[in-house]
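A.B. asks: Here's the letter readout for the chains.
2 protein chains.
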Amino acid sequence: MSTLPMTLSRRLRSSPFEKRVLEHGASAFTLYNKMVLPLIYESYEKEYEHLCHHVQIWDVACERQVEIVGPDALRLVELITPRDISTCAIGQCKYAPLCDENGGIINDPIVLRLAEDRFWLSIADSDVCLWVKGIAWGRGFDVRVFEPDVSPLAIQGPKADDLVADVVGEHARKIRFFRFTDETIAGTPVKLARSGWSGQGGFEIYLQDSAKGLDLWDVFWEAGRKYDLRPGAPNLIERVESGLKSYGSDMTIENNPFEASLEQYIDVDKKAEYMCRDVLVRVREEGPARRLVNLVIDGDDLPPMRSDWAVLDDDGKQVGIVTTKVWSPRFGTTTAFATIDAGHNAVGMRLRVDADGVIRTASVRDGKWQLGA
Amino acid sequence: MSTLPMTLSRRLRSSPFEKRVLEHGASAFTLYNKMVLPLIYESYEKEYEHLCHHVQIWDVACERQVEIVGPDALRLVELITPRDISTCAIGQCKYAPLCDENGGIINDPIVLRLAEDRFWLSIADSDVCLWVKGIAWGRGFDVRVFEPDVSPLAIQGPKADDLVADVVGEHARKIRFFRFTDETIAGTPVKLARSGWSGQGGFEIYLQDSAKGLDLWDVFWEAGRKYDLRPGAPNLIERVESGLKSYGSDMTIENNPFEASLEQYIDVDKKAEYMCRDVLVRVREEGPARRLVNLVIDGDDLPPMRSDWAVLDDDGKQVGIVTTKVWSPRFGTTTAFATIDAGHNAVGMRLRVDADGVIRTASVRDGKWQLGA
Chain A
1 MSTLPMTLSR RLRSSPFEKR VLEHGASAFT LYNKMVLPLI YESYEKEYEH LCHHVQIWDV
61 ACERQVEIVG PDALRLVELI TPRDISTCAI GQCKYAPLCD ENGGIINDPI VLRLAEDRFW
121 LSIADSDVCL WVKGIAWGRG FDVRVFEPDV SPLAIQGPKA DDLVADVVGE HARKIRFFRF
181 TDETIAGTPV KLARSGWSGQ GGFEIYLQDS AKGLDLWDVF WEAGRKYDLR PGAPNLIERV
241 ESGLKSYGSD MTIENNPFEA SLEQYIDVDK KAEYMCRDVL VRVREEGPAR RLVNLVIDGD
301 DLPPMRSDWA VLDDDGKQVG IVTTKVWSPR FGTTTAFATI DAGHNAVGMR LRVDADGVIR
361 TASVRDGKWQ LGA
Chain B
1001 MSTLPMTLSR RLRSSPFEKR VLEHGASAFT LYNKMVLPLI YESYEKEYEH LCHHVQIWDV
1061 ACERQVEIVG PDALRLVELI TPRDISTCAI GQCKYAPLCD ENGGIINDPI VLRLAEDRFW
1121 LSIADSDVCL WVKGIAWGRG FDVRVFEPDV SPLAIQGPKA DDLVADVVGE HARKIRFFRF
1181 TDETIAGTPV KLARSGWSGQ GGFEIYLQDS AKGLDLWDVF WEAGRKYDLR PGAPNLIERV
1241 ESGLKSYGSD MTIENNPFEA SLEQYIDVDK KAEYMCRDVL VRVREEGPAR RLVNLVIDGD
1301 DLPPMRSDWA VLDDDGKQVG IVTTKVWSPR FGTTTAFATI DAGHNAVGMR LRVDADGVIR
1361 TASVRDGKWQ LGA
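Protein sequences appear in the order of chains A and B. Numbering of the first sequence is given in the working numbering, commencing with residue 1 and proceeding in unit increments. Numbering of the second sequence is given in the working numbering, commencing with residue 1001 and proceeding in unit increments.
Do not rely on the hints blindly, as some may be mistaken.
Pair by pair, the computed Cβ-Cβ distance ranges are [said to hold, decoys possible]: (1) B:S1307 <-> A:E273: 39 to 47 Å; (2) A:Q318 <-> B:Q1318: 56 to 64 Å; (3) B:L1244 <-> A:R284: 49 to 57 Å; (4) B:K1046 <-> A:D182: 50 to 58 Å; (5) A:D215 <-> B:P1329: 37 to 45 Å; (6) A:S2 <-> B:Q1318: 40 to 48 Å; (7) B:L1371 <-> A:K46: 56 to 64 Å; (8) B:D1366 <-> A:K19: 31 to 39 Å; (9) A:E254 <-> B:D1215: 22 to 30 Å.
Simulated from the structure, these hints should not be mistaken for lab results. Computed from a prediction, not measured in an experiment: that's the story for all the values here. Backbone N, C-alpha and C define an ideal beta-carbon position, used for all residues, glycine too.
With these hints in hand, go ahead and build the complete structure from the sequences.
C.D. replies: This is the structure we're talking about:
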């Protein structure tokens, strides 16, 4: 894994959990929404194994919230996403790609509905707050848009239910997927959501007072001893195996939701006004020019990508690009995401990848990494 | 200097000059506009000394551009800043704080006027492009707002004129401060501006094709041998001594331009419509609640700030916060910027600073680090 030494300054925000993260020996980091995000303690491989069998505590405070509150809040949230938010109940979360007037993806947050007229967008790495503020002001909407003091802490892994039930009570087990409740933990009010950036199950706990970060961490840490709780982080191996795409790496403002293979998370014909309706109607009609797909690259493990890897057809013509790749212990091969042009991205398609000069065969897979029926 | 290992990924963009930066042994970095920015090669101290006497080449590709082009371009640029842009000539640069409807500073770019209806905002570290896109769409303006493929390379230091004249011709010496011309260097068209983030003089060269980054670097590198050209970067010591404030560290969206002591860069009574006029008229009337000032902290050099340092009055009450601090070789003391409440921020005021538990005396200084007349 390629790293560079990053100098800290006030401009790079620290998380309310950072003291514990450093005490536990986090060894590699990234910056996400201008906040330090720990990625690795010992190694991706060891933490992947542990995450798949036990339970972990993750500092994901960098999943910042954009609060939208006021009489026009629903109208504004509907405007910025092709997903139908009118059906989102209070206490419910919805994954909702945000798109500009060209259909370009601005971010892919989880929308939490806190009240009829109050939402949080729990964002990936781009400054949604500024974009939404601009639209709200430009349209003269009666809303407030701001970043509240909210910092998620994640409890992820197959034993997450046991741990969270020990801390907040047995009712936690009954929280449905993508629903949240109000709880008090370590004397501080939190939202407890069944969600998280892994396929192993678990919760995200939305701390609402950064001064209580260490208290919240410590409550879970103590209760977690009997479950072999360890510190962890969104894990590259696990997220690729589970098919979780990362905004900024796998899709950008250059892609629309069809290109990012997010059809199931949009409602092109929804009733409410939204910015990119015309574009999406057209793309649905014509078909997307390219698509983000799962790709298996044959052969041994490959070194980290030093530059973009081209995806090639039989004639050696570039037809796409690899956006993420990692060796998968579960499948015993290199699993990757790639954006591939129309005509070359069907499941089962055989292609080649130029891995910094090393040519490898590859094949497009379905969401379960299969070659299809 | 406190650093953490930062894992690279596609989400963290690399600059067109990065290959040379790494070859020259850059040893500390930060992330700025989601792009890697080298900060240190050998040490801040050594590079400070060299910068003040010779000439350096800086990878500042992370100073991204927001292009605003179209019939409503001037109207839009005027709307987002309290600075009068109507007087900005084609070929001129203006430093212009951008402010939201509450007067909060969104960014403090250099505005370059490329044509009557075409501007670049050369931005500090926040996503201006998204904010301006939102406003433009919300108001239905006839403009395009996007990030072009433009990457600045800086040539800074007292010998910058000699070096740049050798490369582009003697006419470069006549470019006035904050003016730019069109040139071709290394076979690629660039904008050559007399500007840059140091007080030592020099140029910023706006590369317009990232594929030509190494060619552009190499032309200056070869020509620079006779001037002891070295790689450098925006230097913490030099920028503080020169009074250059950094958006995100020294001022944020929580501050208005009066609080950030930017009065000379705004025109509250300008003719054109702008978003925060009412707020700024009121703040001018009432006086700002706090102010960003120069502060000298007495005694020996202090360790890096691990948390925010409080500024205290005689009774030990907190009246402000230190935003940046560095040991100044020129003044032989710790120079700092601090945001200090009204009533305590006049030049000459004696205060104390809680430097992670170490209490030091301090004094408010003018822009030249003097105690005043």
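A.B. asks: Would you mind marking each hint as holding or not holding in the structure?
C.D. replies: How the hints compare with the structure:
Roughly 45 Å separates the CB atoms of S1307 (chain B) and E273 (chain A), a value that falls within the hinted 39 to 47 Å. In this structure, Q318 (chain A) and Q1318 (chain B) meet the distance hint of 56 to 64 Å, their C-beta atoms being roughly 59 Å apart. At about 50 Å, the CB distance of L1244 (chain B) to R284 (chain A) agrees with the hint of 49 to 57 Å. The supplied range of 50 to 58 Å is met by K1046 (chain B) and D182 (chain A), whose beta-carbon atoms lie about 55 Å from each other.
Checked against the hint of 37 to 45 Å, the C-beta distance between D215 (chain A) and P1329 (chain B) comes to roughly 43 Å, which is consistent with it. A C-beta distance of roughly 42 Å is found between S2 (chain A) and Q1318 (chain B), which places it inside the suggested range of 40 to 48 Å. A hinted range of 56 to 64 Å holds for the C-beta pair L1371 (chain B) and K46 (chain A), which are about 57 Å apart. A beta carbon spacing of about 38 Å between D1366 (chain B) and K19 (chain A) agrees with the range 31 to 39 Å that was offered as a hint.
At about 26 Å, the beta-carbon gap between E254 (chain A) and D1215 (chain B) stays in the expected band of 22 to 30 Å.
Hint compliance for this structure: every hint is met.
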